[in-house]
Amino acid sequence: NAGVTQTPKFQVLKTGQSMTLQCAQDMNHNSMYWYRQDPGMGLRLIYYSASEGTTDKGEVPNGYNVSRLNKREFSLRLESAAPSQTSVYFCASSELGLTYEQYFGPGTRLTVT
Amino acid sequence: AQTVTQSQPEMSVQEAETVTLSCTYDTSESDYYLFWYKQPPSRQMILVIRQEAYKQQNATENRFSVNFQKAAKSFSLKISDSQLGDAAMYFCAYRGGTSYGKLTFGQGTILTVHP
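So the protein lines, in turn, are chains B and D. Under the numbering used here, think of the first position of the first sequence as 128, with each following residue one higher. Under the numbering used here, think of the first position of the second sequence as 527, with each following residue one higher.
Among the hints, a few may not be true.
[Unchecked claim] Computed beta-carbon distance windows for the label pairs: (1) 607/D to 222/B: 32 to 38 Å; (2) 141/B to 546/D: 41 to 47 Å; (3) 180/B to 611/D: 37 to 43 Å; (4) 566/D to 168/B: 18 to 24 Å; (5) 168/B to 611/D: 22 to 28 Å; (6) 610/D to 134/B: 27 to 33 Å; (7) 596/D to 207/B: 42 to 48 Å.
[Stated by the list, open to error] Interface residues of chain D toward chain B, partial, derived using beta-carbon atoms under 10 Å: (8) 527; (9) 530; (10) 561; (11) 617; (12) 619; (13) 623.
Read the hints as simulated data drawn from the structure, not as lab findings. Cβ atoms here follow ideal geometry from the backbone N, Cα and C, with glycine treated the same way.
Generate the whole structure from the sequences, applying the supplied hints.
As structure tokens, this is what we get:
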């Protein structure tokens, strides 16, 4: 039981390059989330998928796209990376409902030069 | 929109002593949960404790307890008998009944534990 896995763990991109961050969960959760963590700002929600087949914008969606590939997988794509997207990215999953704990992946540290 | 504020960027405590981390939030919802997450240098987010808004009793988990003041919209974390392993970044987070499970986080407080 691996929980939430993310790949890669580290990535360096040049401005304008594209990449996809992968996330998978093996807990059969309905809901999945992508956050970014920046110093002094906590974690901010980029996109979420309340259930398979749905995706919605969070607080900071600009410059990103997502795909809920199936119930297990939720990817985050940067089409044209910018230095402002240098951050640590976390994927999380949970059951839908107020009482359920949200489980986090180990994070991806992305640097855009 | 809900907001969560942690006004202490850094705190320090001596080993075996007690420390309190502060958190305030703003919401118009009546049904919600509050959480404290710990993030050690490994970056892994670890749930420390949670509090249901409808419960008046403060949550406790071993050495960790909260002081939940619903009217004041305050949710502080008390760590008793601090240990070196408690050193980490701590985040307060809010989850509302209409939020599809989304979490709103505070800015974080870095806790240093001195031996």
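### Query
What are the numbers of the hints that this structure violates, sorted from low to high?
none
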